[in-house]
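Asks: Residue numbers (my numbering), protein chains in the order written: chain A, 1 to 524; chain B, 1 to 363; chain C, 1 to 345.
None of these hints come from the bench; they were simulated from the model.
By construction, the Cβ of each residue, glycine as well, lies at the ideal position given by its N, Cα and C atoms.
Mixed in with the good hints, there may be bad ones.
Said to hold, decoys possible - With a straight-line cut-off of 30 Å between C-alpha atoms, the simulated DSS-like cross-links for lysine-lysine are:
hint	chain 1	residue 1	chain 2	residue 2
1	A	K314	A	K291
2	A	K33	B	K45
3	B	K17	A	K2
4	B	K134	C	K149
5	C	K316	B	K120
What the hints assert, rightly or not - Not everything, but these chain A residues come out facing chain C in the computed CB check (under 8 Å):
hint	residue
6	A28
7	A162
8	G164
9	Y223
10	T356
11	F426
12	N430
13	C431
14	L433
15	A436
16	P440
17	E462
18	E491
19	D496
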Amino acid sequence: MKKFLRLTNIRFISQTTFFILFILSIWASWVTKIGGYPVSRLLEIDVLVFFSTILSTGFIYKYLGWSLAILFLTLLFGRVFCNWICPFGTIHQFFGWLFNINNNERRQQSNRYHHSQSLKYSFLIVFLFLAIPGALQIGLLDPLATVYRAFTVFLTPAWDMAIGNTINVDWLLFSPGSHSRVFTGSFWIGSIFIGLVALNLWLPRFFCRYLCPTGALLGILSYFSLFRIVRDVNKCTDCNLCLNRCEGASQPHNILKLSECFTCFNCLDDCPEDALSYSPFFKSHSIVERKPDFSKRQFIFAGITGLISYPLLKNNGRLDDQSFSPLMIRPPGSIEESEFLKKCIKCDECIRICPTNVLQPATFEPGGFEALWTPVLNFKIGHCQLKCNLCSIVCPTGAIREITVAEKLGKGLFEQKGPIRLGTAFINKNCCLPWANQIPCVVCEEVCPTAPKAIQTFDEEEKDVFGNIVTLNKPFIIPDLCIGCGICQAECPVTDKPAVYVTAIGESRSDNRRLLLKYRNHET
Amino acid sequence: MKSQKIFNPKKRRPNRKVILLSETISSLVILGFLAALVFWVLGQKNHFNPADRDLNINQLSQISKSTPLYHKPLKRWTESGFDQKKAEPKLAVFPKSILSNEWQVKKRIKQFNRDNLFEKINGEAERFLDYHFKNLFYLNLVHRNQQDEIDIELYDQGGIPGSMGIFSEHRSEGNLIKKEKNVIYFETAIGAIGRVENYFFRISGLNKNEITRNKIVQIANNFSELVKVEEKIDFGIFIFKEKLKIPDTDISHKSQNVFQYDFAQDFWFAKPDPQNKGRLFVHENTTSNAVSELFNQLKIEIEYEFTIIEQTPNSLLAKHNFLKSYFSMIKQDKYLIGFENAKQFKSMANYIKILKKELPHGK
Amino acid sequence: MENKTDPDRKYLLEKPNRRTFIKKSTIGFGIGAICSYLSFAPENWYLSLKDPSGLRSLPKKEAFVLPDYRVKKPIDAAFVGIGHSIDVKKRLLKSLDAIGGLKHYIKPNDLVFIKPNVAFDRSPELGATTNPIILGELIKLLFEEAKVKEVRVGDNPIESPADCFLKSGIKMVVEQNGGRIVLPDSNSFRILSTPGADLIKEWSFFARPFKNVTKVIGLAPVKDHNLSQASMGLKNWYGLLGGPRNQFHQDIHTIISDLAIMIKPTLSIIDGSRILMRNGPTGGDPAYVETSNIIISGTDPVAMDTWAFLNLLKRKEQQLPLYLTKAQQKGAGKMDFNGRLKEVV
């Protein structure tokens, strides 16, 4: 029993528990299952998200303050997050362990410290320096954002595809009650994910040691940690067995690098002499290296890179209010674009929870590199369900501000303000069946959800080419009433090039992207 | 070659021997914390406000003052090159006088023939088809106020017998018959029903108001301008109208199922006395044999409900078992004449005598 | 330098032997013969894989046919029964008794599929979806009075199915009363063939909930519809179709008349508790809804639709939609309800 209650076993149980909670947050991200489950909590306790959003916006949103718990844990115990909590770390450790067929000598070789492990500190500094003027790009490398994005866009649809084609059990699917979900960019997001996981077969915990900016931040904070791995020099025989399974490559066999140690405690188990222990600093006499291996020179270079990347990202003409793309349609509740990009960590929570699959990770087209993988609506795939506000509930950083359905539709207290408009619909008379071909249609008018409808028809009799006289209902848009939900575009029978389409102009979240000067249906 | 292992072969066996008590206690504490965390997460299932994720019906009721929208009226099709206002709507057989400043054509005239009549009047179509129906012209008029509408159905029954027959089917005792030149009609709750020459018409209004009613009466009167179709005068009309001077309104014709028998067809009826229900009838056939056969068949059938009082090879007199009314018929050459539903024997006999005198002699 | 344990070397050193020669050559010829048979044998021979035109390898669209779920009504019962009552259960029972009683149509241990209208995620008070109270009472009646084995409820809305079932209140009421919701997904559809249809002779159909079903009931609300004039019992079956349904609006009346013969349900029920008088079929304003205490059930869906159009939507006979005539032509029922209808107040 005592042997079971070793720290390594408890760490294993903790990793498994958090991974199961992670899978639970993915499974519960469905309209009828979500209830009050905290599906974004793992992202909200990410310390990097906390720090960088403070730098970019100056405020702490909703639950982000809970990351202070992780912060205190790190200040006391070191990089516990990396090996006890982080699900991405669990995945790396699992695949690295599963396919590792090296002998002891090769293992110890692969777990030695390399100076290139300081690359992650450079990434961290670049991101922090980018965040200060207001370009948040941590989502590209943040471990939780990456793992959530990969699961949303690549792994859960793959699971649904497999289960859907074989045993077809509703509650096992991640997206029951809809057709197979598609996501733009899933090829690249999935490939990057597979690549990162596959790298563990070359160097274990490659991402965690070399790339992870959260790990870098926690590594810096471990400077203050009270507890650390202590090697009793008198008992140590320099057998190097402690390097067999060292996850962080923190050199426990020599002078411990505190900023690299993941507190996995594998070294404690592997030492045959019981020379290693985990003790507070006042109880040990051994020397440890507290400062991360990151020189001033590297810091300066990283800082300059960060600062100079800001104009690199911002001046490509995709994001300002004059030349924005018509495809840049953001979810309801989103804040204005320049503020949005200060908050979005590209975690794709909103994309996963959207019941109609209309939210997609942006390609380079809508917003260039800066808006890559942020959520945009693609009305060819779905539409924004009228009484749904789920994307605003799960956003961890408030890029999509939490709204109630009343606010979305402009009812109750929000009557004066009006509904949230995502864009405006337009009709292309060259493709529209009644306008161009004298064939009756008006699906768009039928499905328009507003009351009164934002698409109305007027009746006209025409003689078609076959000599029949038909009474046509010809549709036209009322932009004062249109909320840009996109169901007209999604249902138009000219499926590939819809005759009625929604563009971003007229969205209510932005003062400078409005279309109408006044709304003719309001008295004021 | 070396055999390649796929998975990690090493077992997780710890090398250490000493495990401190502090480690065990902290492990237990951590385990307890993890369990608490899991229970907390699972317990969050209902920790949300459903009102935020849905719209209260009370909030919707506040907008019941819906935005009224203007709807453009239907734009009619006209041949291009013509001015919309000056273009005259095609009225087919309808007289031009039914249009006015107030009333214009709303929908184009729809025409139905024997094949597609049921599309317009479904179940009733059979009746019309029985009465030699040829064409239906359907027109819809709308008032300038966009609210009042009038539907006109004009049936071409192929000849006067047809239109008379179908009119008699529509007509019941209580209707007040009005006559305007050659138009005969009566008003109904929603409009008017009538006939003129070979046409039978039904007019109905969408709303019951003064404007609609006046217009309907005017339309009925205007139908007297309908083109007169030259038609040979039918035997029944000849006999009853020309010879016996019985007015039009009391003459009717039945082409099928006379007296509810499927072998009896093509009978003309006339009511000599408007106060009485009794009717004279006359049937002309091609040969006297056919008439004889018809006479015999009728005799057999009426024996079920009538008691035969008198009969000769050429005539029959019977009295209804319950109603106590008289039925008599006489066959002569290729004619079959008679009287049905007579209350008094003497007047019946009188009428039959007059009718028999008027029958053309010879073949 | 060759390795002495090299398997190739082993092969080279091996002396050719008659037995091994025969064994290897028979294996070789056997494989060659099998491959030649598979590639060159004529198509209709057993196990032939020959595909000269390329058409054999294409997936075959196999269409299935729905069984006829109708039950003949008792001789003295009406085709259409109308029930008035403030109490929902009494209303249902009155109208069902007028057509012969629920027990005549639904027998114990039946598997019943109810098709409500769950087309939008509107609240039930907006009249755009089936009233959940009525659905709940019907399921209760089925379990208590007719003692059925299972009740399934399903629909394929245009919008997100999970959202629609949740926000319209249908999910809660079905699960509370012991029914089972079947949501559509990409594997639930099969091609249905409807002989006698004009435009949808073969179309993708939501087939999964119909597995082992013995009785089918349609439960539709009464709604105004801009294109087809009304959306009632017959149009309700539109929700079971998949594929590109947005093409149907090009000839909506013929499509609805095709729907009338596509499925032959045991019972049709038209719910008049909330009538959407204008701005249908999406509604959106409680001002468009009128309430009543009427429910119509029957075995002649065309007559039921006609009666509901005239008396619940309160339209004129001249405005009767064309699809009723077309449905009558196809033999789905008769528009004339005189003498075939019983109203129980």
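Asks: Would the stated hint for C431/A survive a check requiring a Cβ distance to chain C of less than 8 Å?
Replies: Check failed: Cβ of C431/A comes no nearer than 14 Å to chain C, outside 8 Å.
Asks: Can you confirm whether the C-alpha distance between K17/B and K2/A stays at or below 30 Å?
Replies: 11 Å, holds
Asks: Regarding the hint that A28/A lies at the interface with chain C, is the smallest CB-CB distance below 8 Å?
Replies: 13 Å, violated
Asks: With a cut-off of 8 Å, does the beta carbon of E462/A approach a beta carbon of chain C closely enough for the hint to hold?
Replies: Where the cut-off is 8 Å and the nearest Cβ of chain C is about 15 Å from E462/A, the hint is violated.
Asks: Would the hint on G164/A be counted as holding, given a Cβ-Cβ threshold of 8 Å to chain C?
Replies: Hint on G164/A: holds, closest Cβ of chain C at ~5 Å, below 8 Å.
Asks: Regarding the pair K316/C and K120/B, is the alpha-carbon distance no greater than 30 Å?
Replies: Distance ~15 Å between K316/C and K120/B Cα, so the pair holds.
Asks: Can the hint on P440/A be confirmed by a CB-to-CB distance to chain C that is less than 8 Å?
Replies: Check passed: Cβ of P440/A comes within 6 Å of chain C, closer than 8 Å.
Asks: Is the interface hint satisfied for N430/A? The criterion is a beta-carbon contact with chain C at less than 8 Å.
Replies: 18 Å, violated
Asks: Take a quick look at whether K314/A and K291/A sit within 30 Å of each other, Cα to Cα.
Replies: Violated: K314/A and K291/A sit about 34 Å apart, past 30 Å.
Asks: Hint check: is the beta carbon of D496/A less than 8 Å from a beta carbon of chain C?
Replies: Since chain C brings no Cβ nearer than about 12 Å to D496/A, farther than 8 Å, the hint is violated.
Asks: For the hint on F426/A, just tell me whether its beta-carbon gets within less than 8 Å of chain C.
Replies: 18 Å, violated
Asks: Does T356/A pass the interface hint, meaning its C-beta sits closer than 8 Å to a C-beta of chain C?
Replies: 5 Å, holds
Hint compliance for this structure: hints 1, 4, 6, 7, 9, 11, 12, 13, 15, 17, 19 are broken, all remaining hints hold.
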